[in-house]
Amino acid sequence: MTGWVVVWVGYGAAAAVWVGLLLLTRRGGDRR
Amino acid sequence: MRDSAHLSAHLSAHLSAHPTPRDRRGVPLGLLASATALVAALLALVVAPPDALQGQAQRLMYVHVPSAWTAFLAFGVVSVTSLATLVTDGRRAAAVGQAAAELGVAMTGLTLAEGSMWGHSAWGAWWAWDPRLVSTALLFLLYVGYLAARALPGDPRRVRRRAAVVGACAFVQVPVVHFSVLWWRSLHQPPTLLRPELSAPIAASMLVALLVSLLAFSLGGLWYVRRRSAALLGSAAGHRSPAAEGAAVEAPARELATSPVRGPA
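First to last, the sequence lines map onto chains U and Y. My numbering applies: residue 1 is where the first sequence begins, and numbers increase by one. My numbering applies: residue 1001 is where the second sequence begins, and numbers increase by one.
Bear in mind the hints are in silico, worked out from the structure with no lab data behind them. Backbone N, C-alpha and C define an ideal beta-carbon position, used for all residues, glycine too. Hints should not be assumed to be uniformly reliable.
Examples of chain Y residues toward chain U, derived with CB under 10 angstroms [unchecked claim]: (1) G1030; (2) P1049; (3) P1050; (4) H1064; (5) E1102; (6) A1106; (7) R1185.
Have a look at the derived ranges for each label pair, beta carbon to beta carbon [what the hints assert, rightly or not]: (8) U:G3 x Y:S1205: 18 to 24 angstroms; (9) Y:A1204 x U:W8: 21 to 27 angstroms; (10) Y:W1126 x U:L22: 41 to 47 angstroms; (11) Y:L1083 x U:V9: 37 to 43 angstroms; (12) Y:G1124 x U:L22: 31 to 37 angstroms; (13) U:G3 x Y:L1029: 17 to 23 angstroms; (14) Y:T1088 x U:V9: 19 to 25 angstroms; (15) Y:V1144 x U:V9: 21 to 27 angstroms; (16) Y:P1201 x U:L22: 32 to 38 angstroms.
With these hints in hand, go ahead and build the complete structure from the sequences.
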């Protein structure tokens, strides 16, 4: 992977992580 | 009476798991973080020039560095809330610590992934047994361990305290990661911003893009910890949300009053 490909994959991964965190805030769970 | 108290607690817990007016408190901060992220992406992908040696792939820096920074901030919060949990045994401190640890683990994972891609592009290797890379992987595992300790079954108070011991001790690894590039010979470059010289060897447009990206990630992290810890506290009430707490407190009193065994003679 070189050039812009690696950049878009990297930014896509970051966006996916933040969307995952957003979804986690909508969930409670049995926590103490 | 007891059934109605249980029903009330159950309904409150159920309602607290869905968006309520209270949940909208984090919206302005979330919008601010999103707007900052948009500006950061424009600066990083359009305004900042490609690196003279590494070309376009160097733009990964605007995600790699902020995710590492946010992880460090998050682990700082975990250490403070862990100490607070050990001193006061607060449920709130433990919830904030858990939310911050989740953020930190996600950001460390992202740092490792971005670093791996950047490493493949710049060094020709996805991974190297290098002090910075290995210490960061260890940091990731330490806080996965903290989250595992938080998820253990058992008495909630003991679970909180045990996890807090892990959370307080794990922070030792953060300076090890930061200084690893200075203490040992490393493939990884030394710090760009947090250097002893306090002068960043970086072009102005790159520096601005990096600083705005750092701000966007920090705001996003703050938004996540606030919102997630509120959700955790709401669901821990699961059995004790603010509304249900009253019902839960009343229930034993009613039970005591009506029970032929434990009631007053």
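Results for each hint:
1. The interface hint given for Y:G1030 holds, since its Cβ lies 8 angstroms from the closest Cβ of chain U, which is under the 10 angstroms cut-off.
2. Taking 10 angstroms as the C-beta contact cut-off toward chain U, the hint placing Y:P1049 at the interface is violated, the least distance being around 13 angstroms.
3. With its C-beta approaching chain U no nearer than about 9 angstroms, Y:P1050 sits inside the 10 angstroms limit, and its interface hint holds.
4. Interface restraint check for Y:H1064: the shortest CB-CB distance to chain U comes to about 8 angstroms, inside 10 angstroms, so the restraint holds.
5. Because the beta carbon of Y:E1102 sits about 7 angstroms from the nearest beta carbon in chain U, less than 10 angstroms, this interface hint is met.
6. Interface hint status for Y:A1106: upheld, as the beta-carbon distance to the closest one in chain U is roughly 5 angstroms, under 10 angstroms.
7. For Y:R1185, the interface hint is violated, the least distance from its beta-carbon to any beta-carbon of chain U being 26 angstroms, above 10 angstroms.
8. The beta-carbon spacing between U:G3 and Y:S1205, approximately 19 angstroms, falls within the hinted interval of 18 to 24 angstroms.
9. One distance hint, 21 to 27 angstroms for the beta-carbon pair Y:A1204 and U:W8, holds here, with the actual separation near 25 angstroms.
10. Range check, Y:W1126 to U:L22: about 28 angstroms between beta-carbon atoms, so the 41 to 47 angstroms window is missed.
11. Remark: the range hint 37 to 43 angstroms for Y:L1083 to U:V9 is upheld by a beta-carbon distance near 39 angstroms.
12. Between Y:G1124 and U:L22 the C-beta distance comes to about 35 angstroms, which sits within the given range of 31 to 37 angstroms.
13. A C-beta distance of roughly 35 angstroms is found between U:G3 and Y:L1029, which places it outside the suggested range of 17 to 23 angstroms.
14. A hinted range of 19 to 25 angstroms is violated for the C-beta pair Y:T1088 and U:V9, which are about 44 angstroms apart.
15. Remark: the range hint 21 to 27 angstroms for Y:V1144 to U:V9 is upheld by a beta-carbon distance near 24 angstroms.
16. In this structure, Y:P1201 and U:L22 meet the distance hint of 32 to 38 angstroms, their C-beta atoms being roughly 36 angstroms apart.
In summary, the structure is inconsistent with hints 2, 7, 10, 13, 14 from the numbered list given earlier, while agreeing with the others.
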